[in-house]
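Asker: The hints should help you fit chains U and P onto chain V, whose structure is shown.
Quick mapping for you: the protein sequence lines, in order, are chains V, U and P.
Going left to right, the first sequence walks through residues 1 to 320 as the numbering used here numbers them.
Going left to right, the second sequence walks through residues 321 to 807 as the numbering used here numbers them.
Going left to right, the third sequence walks through residues 808 to 1142 as the numbering used here numbers them.
Do not take every clue at face value.
[What the hints assert, rightly or not] Covered by chain V, according to a simulated footprint, are these stretches of chain P (three or more residues, beta-carbon under 8 angstroms): (1) 886–899; (2) 927–939; (3) 1108–1118; (4) 1124–1134.
[Unchecked claim] Capping the alpha-carbon separation at 30 angstroms, the derived lysine-lysine pairs in DSSO-like fashion look like this: (5) U:Lys328 - U:Lys370; (6) U:Lys328 - V:Lys202; (7) V:Lys198 - P:Lys1003.
Just so you know, the hints here were simulated from the structure itself, not pulled from any lab data.
Computed from a prediction, not measured in an experiment: that's the story for all the values here.
Where is the CB? At the ideal position from N, CA and C, for every residue including glycine.
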Amino acid sequence: MEKKKYGKQRDDHIVVLIGMIAAVLILMAFLKGKTYYSLSNLRSMIFQFPEFGILAFGMMVCMIAGGIDLSLVGIMNLAGVVAAIMIKNGSPIFLGVLVAVLIGAACGAFNGFLIGFLNIPAMLVTLCGLEVYAGLSLAITGGPAVNALPDSFKSIANGSMGPIPYVLFIFIIVALLVAFVMKYTTFGHEIYFLGSNKVAAKYSGINTLKVTVLTHMFSGILGGISGIVITSHLNSAKSSNGETYTLMSLLIVVLGGVNPDGGRGRVLGVTLAIILLQLISNAFTIMRAPDTMKTFVNGVLLIAALILDVALEKRNRKRM
Amino acid sequence: MANEVFLKLEGIKKSFGGVHALRGVDLEIRKGEIHCLAGENGCGKSTLIKAISGVHDVDEGKIWIEGEQVEHLHPIDAINRGVQVIYQDFAIFPNLTVAENIALNGEVKDRTKLVSWKRIHQVAEAAMEQVGARMDPDMLLEQLPVAGKQMVAICRAIINDAKLLILDEPTTALTEPEVERLFQVIRSLKDKGIAIMIVNHKLDEIYKIADRLTILRNGSFVSTGLISEYDTQRFTRDLTGHEFESKKYVPENAGEEIFRVEHLTLPGKFEDVSFAINKGDVLGITGLLGSGRGELGEALFGVTPAQSGKIFLNGEEIRIKSIDDALNNRIGYVPEDRLTQGLFMDRSIEDNTVVSSIRNYFHGLKLNESEMEEATNRWIGELSIAAPSPKPPVRTLSGGNAQKVVIAKWLNTEPRLFILNGPTVGVDIGAKAEIHAILRGLAAQGIGIIIISDDLPELFTNCNKIVVMRQGKVGVITDNSVDNIEL
Amino acid sequence: MKKGKRNSMLTSTQMILLYVIIVFCIIVGLRQPAFFSVATVINIARAAIFSACFALCEMIVIISGGIDVSFPAIGCVAMYVPMYLIDKGMGSQSAWFCFGVAILIGLGFGLFNSILIAVLDIPPLIATLATSSIASGGAVTIFGSHDYTSLPEGLQKIYNTNLITYVDPNTGFSYVLNILVLVPIIASIIVAFLLKRTMLGRGLYAIGGAKHAARVAGLNVRGLQFFAYIFSGAFTGLTAMIYTTLMKSARISALMGDEMIIIAACVIGGVRITGGHGTVSGTLLGVLLITLVQNSLNMLGIPTSWQRFVVGIIILLGTILTSWQTKRSLKAEKA
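Bound conformation, chain V alone (with noise of 0.2 angstroms):
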């Protein structure tokens, strides 16, 4: 009996995201159906919402530590910029991709140190650290976005393999690692853990600096793999790409069920909320809407995401 009840909790957020989705479909095919439902479309959504998607399940990880990470964007552009500065200069290119990780570890440990050893908040030092990291591209870069790179390279987000590009098969590997990483090892556990109760994972042994640093360097990773993914698919780095990114990826992990408290949150609502987000921004494309207008929906979204939870929860608590 207690069994279904917790687990029904869990679901009914997943529910609802799948009948958000089904939603926008049957919207779409009344309004724009032979646009909306085409293969190139399709294509042209898979080629989209991986840089993103990546970057949220890094946002994830940290929300559901406690913390937050909004350096994220910062990373992502440093690692593009340093990657692709390396490889325009005719290193290889896993080399590059290998270092832009690097980075991404690196700018992530860095933050987490900070929050773990000197217990500031997440909120604070990654809103400094994206000033950092953004500032440390803007340095290396002087300025003008690292251009024209060589066409291999560009073929990482832009290429495919058949009628499927390869940035699909980069978001399913990182989305199943990171799934595999949450429910499956004694880290991702141990993240749970530090977000439910940070004194009580204290007390149980948990070295809470060390899960804080690697949680934060975890995340990290994500955004340098983001960064390779958004420096190949715009032929560019530069400081400033991406900058929507950051309310993006909270409005996804919000969206997708992750507690902002930390503790909670799973990686198959995070993958469907970035489904939907990125179903309605490519409805937003097709009916020639402002892009504007999807940051004032995502606005609206992001709140809606709030209010439904606290809804929800209420329903969940009577029912207790």
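Answerer: Relative to chain V, chains U and P alone:
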């Protein structure tokens, strides 16, 4: 004046969704007396306070304040009639000054618009004088020790024309001199004709301060009377409903030494602490707050490690400099505050059970979920935790069952030494006995058990060795053949 | 006791900040002796006008236990819409109209924020992020994005009114300080009075320090939260119009991204991000330090492309310093 009744309750009943918190309570508090309300945890003390202060509306029963019957008492009515409650968290503002904390409620009540710092200081000085407390009025509350915060809360209650002051377990977080100081203040308030009700269950403190005593058990009124009418035996019997349990724990056969500390010192907290535990021993550590009992426990678990001294486990010298060290040496620790330090309330019983031993379930590349569930089920059975499955969140469990989950968490790490700080605080009588039985069983298996507690009867029954801490030093080490110890 | 008090005053956040500012000025002055001049003072004052106003808004919100990252977006809408209306012939040229509409817009969004936070209980950071995108996304969708670079008559008049005109005897350049510099000065005095001397202000500290205790004490927690966000919104609108007047420009994205620097100024000035602590004087010092750094990096010879990084590092160090300072003061007093 001393015999004039300020508050009278008759047949108070209150239930929450079928659970009877109060099943008919009578209480009479006279002006200028210090009345103690005692009862085990879950006996309905806090519900009763909330009924008196108007937070809960009672289902049945009558309330008289100063001879006038009141119905549907609202919090604001209670305050206007002079009832002031000082809860355990004091409801103070850590970021404001002493003076402001004292004066703020009055300012809000008077709907003041502009703040006169001069007036605030005057009000605060007057209140502090009345209470006999001396504090820097410009000090921020977050910079004061607990006792200071409590004084501020008392000052604040007094200036609101308190006629009845209710203190909810006021001594739990105070050191001995602070308790003395508090009692002085309470006595001086009594002399001013203020009625005082103290919730407490420590008999030695009750003897020191109270004029009369009322005992509750399971939401029902048990007895009331002058403090002189109670001796230890009657007190315990009325409190627990059992005759004093004389079956004291004695290990079946004393075995070889398991654990020993020598000259353990943490400057400012405790110094030169030495004791040993043999196989089968249950060691109790007691002492007043500030005696170093809690700090000693936290040091053995590596939270705030000792700076010097030696620790031996099974004959080998070990170093405890961090919680990691403690875990690696298989030392378990049940912290004092179960809710904030011991449990993840929103997570499942299973998660809470395996949290400290989760590494053991990581085989090959992933965690083995069915093994974790199996282990949890095993502990649910062995410790008879009342839960249908390992999946519901710990929040849904009662205090006793939740505490068993904390114990299960450590048993699952197969500890060699198990330290429990206040293991039965907030646990009902039945579960308390079960937990004691579990601990005795563990001791028999050769696990070193240390119980840190200020509940002396608990230690006398369950520990065959008792270390009494006094001002950071080992005062005395005794067996449990005694019936009382001077702390 | 007395001595201890004086000691803690000498090492308070404000004093440390003052030392840092003085040391920084000396360093810049050693490199560029021209730094010590009336012109610099006027330049810094001019540059600090908006930052000081925004920081006051942010400070009030943070003291009440929240955070507001929506003020740049609100400010942009508030400066843009009046210019848009005038451009379309739907408004008057008077300064009253411009400032009135701007304040009303700010007030409206402030109300929106406070409903999300005080009534619906949405975490402030997320709520104001949402408001930010609703405001900027909505405004561009409805009003488009145009650069207005000419001022209506009323504002032009204000633009021409200077408090101080200083002509450098060596270079012959003239430096002017607009009358609007009085706004942050007056606002600081009002806010300081409000926070220190009124129950409203003490209530803000109270809810930021202990929300539950505030409720028990009978304070109107929700009402105070409404005040914080609405005041902040309205004052943001006013500040945005000052920006337009002084910069002779109204763009829908003019202020975007400023939230970081303003929050940093508050935090460095001793406003505790967790609520309940902060003073006007500290915040103003924080603004002064950041404005100084931003405006003297050129003098120090730091290339433009490195400046964001350097500012970021300084903010980071400031944040670390304040958090360390907080911890230290708590420990020292308890012991």
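Asker: All the hints need checking, so say for each whether the structure fits it.
Answerer: Verification of the hints:
Coverage of a stretch by a chain is defined here by at least three residues with a beta carbon nearer than 8 angstroms to that chain's beta carbons; for the region 886–899 of chain P and chain V the count is 0, and the condition is violated. Taking a C-beta to C-beta cut-off of 8 angstroms, the region 927–939 of chain P contributes 11 residues in contact with chain V, enough for the three needed, and the coverage statement holds. Counting residues of the region 1108–1118 of chain P whose beta-carbon sits less than 8 angstroms from any beta-carbon of chain V gives 9, enough to reach three: the coverage restraint holds. With 5 residues having a Cβ less than 8 angstroms from any Cβ of chain V, the region 1124–1134 of chain P passes the three-residue criterion, so the hint holds.
Between U:Lys328 and U:Lys370 the CA atoms are separated by roughly 15 angstroms; this keeps the pair inside 30 angstroms, and the hint holds. The hinted pair formed by U:Lys328 and V:Lys202 fails the criterion: a straight-line CA distance of about 47 angstroms is larger than 30 angstroms. A hinted pair counts as satisfied when its Cα atoms are at most 30 angstroms apart, and V:Lys198 with P:Lys1003 does not qualify at roughly 35 angstroms.
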